[in-house]
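Number of protein chains: 2
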Amino acid sequence: MTTKYKNVYINDVATVVGPYEYKGPLSKRFDKHYEDMYFGCDSLECAEVKLMSDSIDLVLKKAKQEKSDVDLFIAGDLQNQITASCYTALKLERPFLGIYSACATNTEGLLLGANFIESKMADNVLVSVSSHNMVSEKQFRNPTEYGGPKPGTATFTATGGASCLLTNKKGKVKIESSTIGIPIDMAQTDPLHMGSVMAPAAAYTINKHLSDLDRTVDDYDLILTGDLGIFGKEILRDYIKSEYSIDLKDKYNDCGVMLYDLKKQKEVQAGGSGPVCSALVVYSDIIKKLEEGQLKRVLYVATGALFNPTMVFQKENILSIAHAISLESVL
Amino acid sequence: MTTKYKNVYINDVATVVGPYEYKGPLSKRFDKHYEDMYFGCDSLECAEVKLMSDSIDLVLKKAKQEKSDVDLFIAGDLQNQITASCYTALKLERPFLGIYSACATNTEGLLLGANFIESKMADNVLVSVSSHNMVSEKQFRNPTEYGGPKPGTATFTATGGASCLLTNKKGKVKIESSTIGIPIDMAQTDPLHMGSVMAPAAAYTINKHLSDLDRTVDDYDLILTGDLGIFGKEILRDYIKSEYSIDLKDKYNDCGVMLYDLKKQKEVQAGGSGPVCSALVVYSDIIKKLEEGQLKRVLYVATGALFNPTMVFQKENILSIAHAISLESVL
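Keeping their order, the protein sequence lines are chains A and B. Under the numbering used here, the first sequence has 179 at position 179, and the numbering climbs by one with no breaks. Under the numbering used here, the second sequence has 14 at position 14, and the numbering climbs by one with no breaks.
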C-alpha cells in the first residue's frame, strides 16, 4: 500500500550509539556515544532503555521541544514484548503505541507517524527505535558460547537508540510517501544469513513503490536498504534485476554495510543489523545530506526478518518484510 | 490522545475459540470452535496461527469480501516477536503492520485502522488478534509444573482468534472516537495479579477519554474493560472513584469476567485475559447488541500489562496501558 503525504516534515533526529558503532565511519556524526555496553545500568535490558531514552532527550533538546509537546510516541525494538520501548514510554509519559516489524520497525513507525500528522490527528509525533547487541545475542542466540564461530554471512546487531520528531511545520526534509510491505517466504531457515532472507522483501517493496507511483530508480538519488549486509546487498541487486527487471545502478547502498568499517571491524562479519541500524545511518548521514540539498530524494527501505527462536527450533521458515519511506529535500 | 471519527464503520467481525471459551456463557455466539488445543497443527504456536487465520477467513466470508479487498492488515499477539500475526499475514498476502500493546493490542489495532480509513488512506482495514492459553503458559511461565497451584488472582489466557473488518461504507456500528493511553507504573511486580496491575491504566484512559470529550459515564450505555478479572474489576471501581471521582454505577463490566462462567469454570481463576479475550466478548456479544440498538454507545477499554519474563526476573515493575474505542450504534 503506497500513500503520498503533503504535509509531513522531520523536525529533528537524534542518535546514541555503543562502542562498536562509534568506531565505524559515521563516528563523529552521532549525537552521543558510550564506551561500554552497560552505560551505568544494572542490566543489559535496562541499558537498551537508556539508549532509547537518551535519544529522546537529545531530539527534544535539539528541536527545542518539551515532552508535553509530543502528541504521540510510537516505538518498537527487538526485546520480547518490545519492553525497551514500553519502559522508555513510561519515562516519556505521553500517549504510546507499540509496534513491531523486526528491523523494519523504524519505517513502520515513520509511516504511522506521517499518517497521524497528514490526517491532522497529531501535530508532533515522536518515533523511536533501539537495539542492543548483547540483549539480542542473549535473547535470540542463547546460549551464546564464548569463542563460538559464526559464518561470515552473520550480521551484527547494532547497539543504539534513534529518535525522529515528525511535525506538520515546514522543515528542510519531508516524508513524501510510504509503501507498506507484505511478508515474504522464500523457504529459508538460516538465522545466520538474514541478508538472503530479507533481500526478496526489499525487492518486493521497492518494485511496489516504484510501480504504484509510476516512478523509476532514476527518480531517486539513493535507494537505501535497512540491514542486508554485504551478501544480502549483492543478492538484492541480482534478485531485483531478474525478478522485476530493475537495475539499481549506482544508486543503491545498504545501511548494514555503511554503519561499520567492514574491513577493520571483523567482528561485525557481514554488516550491521537490528531496528536501530538503518535509523543510525539515515539520521546521522542521510538526513544531513537531504537538509543540505546534496541528496534530493531518497528511498529508505528498512528490512526485517519475522521469526523467533521457537519458530527456528520448530523448523519453520523465516519470513521477511520491508516498509519504504521516501524522504525529500525541501530546498 | 483522543480522536473523533466521522466515517469509520465495522463491516463485520468473526471469532474462533478453543474448548474452554466454548464452555463459557457466550458459547453459541462464536463463529467457530475447536474441541482440543492443537486443531490438527504440529505445534501450539502454529495452532495459534490457525486461530487467527480462521477468524480472517470467516470475517471475509461473512462480509462477502476477498483477500484482495483488504487494503491493510494490522495485527498483534503475545508470542515473542508477534510471530502468530506475522505467519498469519504471510497467508493473507496483504500489506501488514505488526503492533503490540499486550492485551490492549486490539484497541490499538482498531484505532490505527480507524485512522487509515478516516484519513482516506485505506478503504478496508482488517484488524486481528489472537492468543492461545498453552502458548502463553509455555512462553511466560516456563517451566509450568503439573499441578502447581496459582493464586486466585491469576487470570487465564483465552484461546481464540478474532478479526474485525473496518470500512468507510456506512454500516450498523461505527467507531466514533478513540483514546490512546500512556504507560502506568504502580510499582507492582506480581505477574499473577494482572488485574491490579492494569486497573490504574484503565482508570487513566477512561478519565482521559471522558474529560477530552467533555462527557460523563452517563453518555455511555456500557463501559467495558479488557481483562481485569473479578479482583481487578473491583479495584478499578474503587480506584477510579477515589482517584478521578468517577462513579461507574451499573454501567461497567469486564470482558475477562464475561468470557467464562467463573462459578463453574474454576480453572480460569479470576477470569480471562490475553489480547483475544476482550475481542471475543465485544465481537460475539457487544457488536450484536449495538447492531440491534440494544446498546447505543459503548466505551471499549482494552487493558494490557507491559512486561516480559526477563523484566520480572530482574525485579522490574510491571507496567500497564489501556487504549479506548467508543463504539456507536448507527440505528
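Please note that a few of the clues may not be correct.
[To be verified] Among chain A residues calculated to face chain B with C-beta under 10 angstroms, some are:
| hint | residue |
| --- | --- |
| 1 | 87 |
| 2 | 181 |
| 3 | 217 |
[To be verified] The calculated BS3-like cross-link candidates involving lysine-lysine, where the alpha carbons are at most 30 angstroms apart (straight line), are:
| hint | chain 1 | residue 1 | chain 2 | residue 2 |
| --- | --- | --- | --- | --- |
| 4 | B | 120 | A | 172 |
| 5 | B | 6 | A | 91 |
| 6 | A | 169 | B | 138 |
| 7 | B | 249 | A | 315 |
| 8 | A | 4 | B | 6 |
| 9 | A | 208 | B | 172 |
| 10 | B | 249 | B | 289 |
| 11 | B | 120 | A | 4 |
| 12 | B | 67 | A | 4 |
| 13 | A | 64 | B | 315 |
| 14 | A | 32 | B | 315 |
| 15 | A | 120 | B | 296 |
| 16 | B | 6 | A | 170 |
| 17 | A | 120 | B | 169 |
| 18 | A | 170 | B | 4 |
| 19 | B | 91 | A | 241 |
| 20 | B | 315 | A | 91 |
| 21 | A | 241 | B | 67 |
| 22 | B | 4 | A | 4 |
| 23 | B | 289 | A | 6 |
| 24 | A | 208 | B | 64 |
| 25 | A | 208 | B | 289 |
| 26 | B | 169 | A | 4 |
| 27 | B | 172 | A | 120 |
| 28 | A | 6 | B | 4 |
| 29 | A | 4 | B | 241 |
| 30 | A | 169 | B | 208 |
| 31 | B | 241 | A | 67 |
| 32 | A | 91 | B | 208 |
| 33 | A | 315 | B | 241 |
| 34 | A | 6 | B | 169 |
| 35 | A | 169 | B | 289 |
| 36 | B | 289 | A | 91 |
| 37 | A | 120 | B | 241 |
| 38 | A | 67 | B | 208 |
| 39 | B | 138 | A | 4 |
What the hints contain is simulated information worked out from the structure, not anything from laboratory work. Backbone N, C-alpha and C define an ideal beta-carbon position, used for all residues, glycine too.
field: Pair hint residue 172/B and residue 120/A, alpha-carbon separation not exceeding 30 angstroms
entry: holds, 27 angstroms
Quiz prompt | Pair hint residue 91/A and residue 208/B, alpha-carbon separation not exceeding 30 angstroms | solution = With Cα atoms ~19 angstroms apart, residue 91/A and residue 208/B stay inside 30 angstroms; holds.
Decide if the proposed pair is consistent with the structure: residue 6/B and residue 170/A, CA atoms, cutoff 30 angstroms inclusive.
holds, 28 angstroms
**Prompt:** Taken at face value, is the distance from the CA of residue 208/B to the CA of residue 169/A at most 30 angstroms?
**Reply:** Status holds; Cα separation ~27 angstroms.
Worksheet item: Are the Cα positions of residue 315/A and residue 241/B separated by 30 angstroms at most?
Response: violated, 52 angstroms
**Prompt:** Can the restraint linking residue 6/A and residue 169/B be considered satisfied, given a maximum Cα separation of 30 angstroms?
**Reply:** holds, 25 angstroms
Q. Does residue 4/A lie within 30 angstroms of residue 120/B when you go C-alpha to C-alpha?
A. Satisfied, since the Cα-Cα distance of roughly 11 angstroms is no more than 30 angstroms.
Cut-off 10 angstroms, beta-carbon criterion: hint that residue 87/A touches chain B
The hint holds - residue 87/A has a Cβ within 10 angstroms of chain B, the shortest such distance being about 7 angstroms.
Point to revise | Restraint check for residue 169/A with residue 138/B, where alpha carbons must lie at most 30 angstroms apart | key: violated, 48 angstroms
Item to complete: Starting from residue 4/A, check that the Cα of residue 6/B is at most 30 angstroms away, please.
Response: Cα-Cα ~22 angstroms, so holds.
For this session: Mind checking the CB of residue 181/A against every CB in chain B and telling me if the closest is under 10 angstroms?
Result: Result: holds, 7 angstroms to nearest chain B Cβ.
Original post:
Regarding the pair residue 138/B and residue 4/A, is the alpha-carbon distance no greater than 30 angstroms?
Top reply: violated, 43 angstroms
Hints 3, 5, 6, 7, 9, 13, 23, 25, 29, 33, 35, 36, 37 and 39, counting from the list given before, are not met by this structure.
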